[in-house]
Amino acid sequence: MIQGQRGAAPRSTTRREPGLGRAQGSLDSEQTRHLEQLLSAKEVVVACGPGGVGKTTISAALAATAAARLGGRVLVLTVDPARRLADALGVGGLGNVARRVPLEAFTDAGVRPKGELSAAMLDMGESWDSLVRRHAPDPVTAKQILVNPLYRNITRRFAQGHDYIAMERLYELHEQGEYDLLIVDTPPSLNALDLLDAPGRMAEFFSSRLLRWLIVPYRSRLVNLASRPFYQVADRILGSLFLEDLAGFFILFQTMRDGFVARAEAVSRLLRDVRTTFVVVTTLEAVPAVDAEQLIESLRERHLHLGLLVCNKVLPHSFSDPPIGRTAESLGQRAGELAELLASHLPPDQGTSDRPSGDVVARVLEEVARSFANFRLVATREAELLRSLSAAHEVTATVPYHPGHVTDLRGLLDVGAKIWGDEEAAPPGVRGSRSPRRASGDPSAATPRRRTTVRSTDSPAPSREPAPDAGP
Amino acid sequence: MPELLAHQLLFVTGKGGVGKTTVAAAIALLASEHGRRTLICEVEPKGDLARAYECGPTPFGGRRVSDDLVAMSMDTEAALREYLRTVAKVPTIGRIGPVARAFDFVATAAPGIREILTVGKLCFEVRAGHYDLVVVDASSTGNVVGQLAAPTGINELIRVGVVRSQTDWILEILGDPARTGAVLVTTPEEMPVTEAVDLASRLSSETPVHLACVVANRVLPELFSHSEEQIFNELFRPAKLGLVARELGTSREVVEDVLGAARLAVTVRRDGVAHLERLRAGIASEVPLLYLPYLFARSHGLRAVRQVAHALSEELFT
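Chains as they are written, first to last, in my numbering: chain A, 1 to 472; chain B, 1001 to 1318.
Hints were generated in silico from the structure; no laboratory data involved.
Even glycine gets a Cβ: it sits at the ideal position worked out from N, Cα and C.
Treat the hints with care, since some could be wrong.
Stated by the list, open to error - Output of the computed footprint for chain A on chain B, the stretches with three or more beta carbons under 8 angstroms from beta carbons of chain A:
| hint | segment |
| --- | --- |
| 1 | 1175–1184 |
| 2 | 1203–1216 |
| 3 | 1227–1235 |
Stated by the list, open to error - Some chain B residues close to chain A (C-beta under 10 angstroms, calculated; not the full set):
| hint | residue |
| --- | --- |
| 4 | 1002 |
| 5 | 1006 |
| 6 | 1017 |
| 7 | 1140 |
| 8 | 1189 |
| 9 | 1191 |
| 10 | 1265 |
With the sequences and hints as input, model every part of the structure.
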């Protein structure tokens, strides 16, 4: 068996050692341990979640970091509609064929990776075509199907097929056994359930009585009593010529039935396999969070393994820190008086060479206070959503909001470090959490301000060890 | 009456997560408040509309939200039944047991059937004249082109039959820029803008529907003028941080965290402005671009819809 030759064995010996790309002074947190165990034990990771939350970036970051720290051969299979990931990974145009990310991309990012990273992009049309070529009884039939306008219409234009093809491609790569870890970034689904049910629906489609109803009469010209009303309706709506075209196409398609059904069932089994885990990615905004919650629920109903919940683009903790909030308030209230003190210390305006007036400085301070209050509102909402989401699941990683976007491997590894639960590096301009003893005398400041929340079954309480002081 | 609200059929679309439903709900609310009898229809029946108006379920048959506003959710099977009963006059409808399955099958097999039933139902409401304006909370980026292109596609695929004979008047409604328009919603971020630019060009090349306007949602306000920003940057110097910290009885780091919120807002806004410039350059210059502010206070529900409607009316009426 192919799978027997692969698996976690080579990596399990290394999984607790910090990788070379590790941030200085980080601790081996609960989060890190969980994630490294998870990725060492699994062969397939399916990243899913609502659209627009950064699934592609999170998938790539997980893959890059796994390759750097855990070793083995890692492949990220992505839909990457913006083609940005290909640039970030330095592999040029991505296609259905996997490309190895050059070692220099890692060394340029200051990391000596333990393993290898490859990336491939999901080409929907190409994947369907290769599926047809594989399952058609002979090359002539394959060609007939491939040039059929209905076939092209179905596979190119309609989103329903995309979920299936993503899972199918994943299965194929897993079967080939070239990689130790496959991370797949799924297409944004109309409905999260579509993805999970896609293989089942494909099998059902070929087994349906309706398909037989449609095909049989065009073979035998005999319409049985049961299917007659269906024909009356279908003829009336679609016209019999179209129906005939359709039947012609499905007679061809039917030749691939056995292969397709067996394949769809195998894909379905892989998703349920113990070697497969799901990562739900979301942001802490109301609508995506609701979608994520439903997705978690449907994973549970289907007995699929949810390994990790990643909350992306989360505001820094400082916004929900009470002493900082009080300081923001008094800054606003005492803006006038502080402005008088500051004004004389400020250099003249570069354009007008005028010294700033107290009024202008006061306005700046008020704006700062107002801005803080605005973001604090959002942060409070996020905290509430995070609480309810992470209550539903054992391990939650949060990735802080980062202005701009990830443009290179270094950026992906930084995101990966956040998922891993490393001590954070604050984005420019946003001083994130720091050691509590430096914050203030407030007793509530003794709570470690970590951005990662760890709820594992091993230790129900959040990890309390303070993060090391990162220095000024 | 602003041009936008004078349309009869508006398809509101955009990438998932940009606030498409809220904007659609706000347009419908605003139109109804200006005396337009308005129907709003959610094409993907996920209950987003019910959440936006906090009005309870919005069935295919419609739910009255206010005097001039009715909300409904698309149900292609119900649309088919309605169509068979009222237009195609299929007599045996009651006796067809597995209509649902037959429909499911045909819809799976025949591409575009689901789409044309959706678009057909919406155009039917326009033609029937029960409403002055039909606002559609349409599918997101990937699917909306398929929906709006379906009537043309069906014309090519199906040569005879009832559907074929219906597509002519559907295309006539869709193709009339005075009656039908698309509203493209986006946010000042990379992917949403990229997809919006892409969708704008696909709408014009693949569908008969013209682009009525582009809405940039969640635009952050400008915090500082140029000279104010110089002052703001000066505040990060240790001496100034120290001074403020002393006065407020706290540490420099805490003051820096407070200032950090404003810096985050400045950075995010600056990134956003670059994306908005890309958006403006990427869509035809005659297409209006409307800006809606980021709502810090509440991100969903009726209050958010009202706030967006208010901001929208300021953009439309001034």
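Evaluation of the provided hints:
1. With a cut-off of 8 angstroms between beta carbons, the segment 1175–1184 of chain B has 0 residues touching chain A; three or more are needed, and the interface restraint is violated.
2. With 0 residues carrying a beta carbon less than 8 angstroms from a beta carbon of chain A, the segment 1203–1216 of chain B misses the three-residue requirement, and the given coverage is violated.
3. With 7 residues carrying a beta carbon less than 8 angstroms from a beta carbon of chain A, the segment 1227–1235 of chain B meets the three-residue requirement, and the given coverage holds.
4. The beta carbon of residue 1002 of chain B is not positioned within 10 angstroms of any beta carbon in chain A (closest approach about 28 angstroms), and the interface hint is therefore violated.
5. Checking residue 1006 of chain B against chain A by beta carbon gives a least distance of about 30 angstroms; that is not within 10 angstroms, so the hint is violated.
6. The beta carbon of residue 1017 of chain B is positioned within 10 angstroms of a beta carbon in chain A (closest approach about 3 angstroms), and the interface hint is therefore held.
7. Against a cut-off of 10 angstroms between C-beta atoms, the interface hint on residue 1140 of chain B holds, since the closest Cβ of chain A lies about 7 angstroms away.
8. This hint holds: residue 1189 of chain B has a C-beta 8 angstroms from the nearest C-beta of chain A, less than the 10 angstroms allowed.
9. Checking residue 1191 of chain B against chain A: minimum C-beta separation of about 6 angstroms stays under 10 angstroms; hint holds.
10. Taking 10 angstroms as the C-beta cut-off, the interface hint given for residue 1265 of chain B holds, the closest approach to chain A being about 5 angstroms.
The structure shown violates the earlier hints numbered 1, 2, 4 and 5.
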